[in-house]
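S.K.: The residues making up each chain are set out below.
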Amino acid sequence: MKDSNLNIVETHSTEPVNENLVVERVFEIDQSCRQVVLLWYASAVFWLLAGSLLALIASVKMHSPGFLAGAEWLTFGRVRPAHLNTMIYGWASMSGIGTTLWLLARLTKQRLVWREALYLVAIYWNALVAIGTIAILTGHSTSVEWLEFPWWSSIPIAVGFFVINIVTFKMLATRKVDHLYISLWYLFGATIWFPFLYLGGTLLIHFRLAEGMSMMTANWWFAHNVLGLWLTPIGLASAYYLIPKVIGRPVHSYYLSILGFWTLAIFYNWAGTHHLIGGPVPAWVVTVGVVGSMMMFVPVITVAINHHMTMIGHFRKLAISPTLRFTVFGAMSYTMVSIQGSLTALRTVNETTHFTHYTIAHSHLGVYSFYTMIAFGAMYYVMPRLVEREWISSKLIVTHFWCVAIGMAMYWIGLSWGGIEQGLMMNDPDIPFLDIVKRMVPYLYSRSIAGTLMTIGHVAFAILVWKMLRREGEWLTGPTLFRKTPVAEETLTVEESLTQSVSK
Amino acid sequence: MTATFISIWIFAFALGGTAIGALIWAVKSGQFQDINEGARVIFDEDEPEGVVNDRFPSKGTQMNETSAP
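From first to last, the protein sequence lines are chains U and X.
Just so you know, our numbering puts 164 at position 164 of the first sequence, and the rest follows in order with no gaps.
Just so you know, our numbering puts 20 at position 20 of the second sequence, and the rest follows in order with no gaps.
Hints may be right or wrong, so weigh each one.
Unchecked claim - Capping the alpha-carbon separation at 30 Å, the derived lysine-lysine pairs in DSSO-like fashion look like this:
| no. | chain 1 | residue 1 | chain 2 | residue 2 |
| --- | --- | --- | --- | --- |
| 1 | X | Lys28 | U | Lys317 |
| 2 | X | Lys28 | U | Lys109 |
| 3 | U | Lys170 | X | Lys28 |
To be verified - Listed next, the stretches of chain X that the computed footprint assigns to chain U, with coverage defined by at least 3 CB atoms under 8 Å from CB atoms of chain U:
| no. | segment |
| --- | --- |
| 4 | 15 to 23 |
| 5 | 40 to 51 |
None of these hints come from the bench; they were simulated from the model.
Glycine included, each C-beta is placed from N, C-alpha and C at the ideal position.
Please model the entire structure based on the sequences and the hints provided.
M.R.: Structure follows, in structure tokens:
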């Protein structure tokens, strides 16, 4: 086994394998992340399932208002924000932090620091998201979108963000490489800026430092930055690492990737006020947001060119790598959602699309089709390397991919189309409002069907993760052969025969 | 209200300052020198350039076959 693996390596690399280096990376660096990252990931998957359930309830209520109408804690006004917050602070943030910690360790080439603390923070974070979600369902929501958790759940989460912030600084200070790979820049952007944005946003909203329209301005400045300076950099860091890594080819233009990071850092945090187009705020406040949104074309096009040019000639590898398939789907969606977002920020377009289902389709294209798909891709890559087992079933991975890909496409097409119709009808004063409501029903059904498909995909993924955590897969072999030393290899054969006999 | 505005301004400048500081540091410490080599830091001898290192866990793929015990 060892020989054949060495052959593969030698055909592609002129230098002999440095065994110490391999052992260091696998046993010191990857394994130092094991418990911590797995806990963050497992929690994320739990919230993904919880959030999907809440989403389905909310979606069905849109076309069948009588559904579960008897229980006040399951009314639309509570289920929908509960869905949003479990997905953002539960699923997206926790999976993102898991990937961030692993990438930090790998890219700074050192063991993860503060492992016990990070483990405890994951438990603390779960508790706060659970308390916050229950608070929303029992009617204690703040009704400020993206910050619905009451202050006693929302503000303590900032402590978690700051622990991640300090860990990042520590990893940066003690790093064992001089060069900061582009993914690290994105991760630093996320972990160094976002905790402050989060603290600023929560304090402004919860302590009523900003009221009325200034509260809404703070609200959308914050909410857009959750995507722009938290989820987007983590997603892009992951894509910038995984696409070149999986196909074994450096990024097409490293120069463009750095230009993309700095332009994102400069422009993205201005974009939030485009949510207030048509609102009673000074025109310049909105204009700033519109200009910021249009300037986003620069980082988006650099990323799009870069990922596309890196992938050119390698598209066939989408068939053999689950990580690549999810990550490239996410990267392509990033281009789409950003271009769509910039165009939607134009006042002329917004006139039609504002307050319609089109916006919902757009936000799901961002947080789901872009961020979540990349998070799936990263988890497919990272978890086998931490647990040292293969994923249990290709069929489940394929099921997961096609369910969420088709579900997402259906969701986006249905609601975007429906939303444009809705917008055009609402702008026509001759059309009675009830006609518009009736016209939207088929689109809302398509959303529930799409949501069901995505949930089926999530269940397939949850089964895979569960089996992975139970170590039911085969020992990991192949091009990344984790056990190199002869002693370790013996244990591998013994263990492998054991698992095989068990499975028989 | 004045206190709020002052703290917002301090906050904004402090955060913007980190970005400018980071950029200056990056230029001074040579992060942007030899820029294309930077793209290669993610590869090492065990996971080298030119090798696909992720695949579906099915038995039939070529990667598994060449390295199967």
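S.K.: Which hints from the list above does the structure break, by number from lowest to highest?
M.R.: Violated: hint 1 alone.
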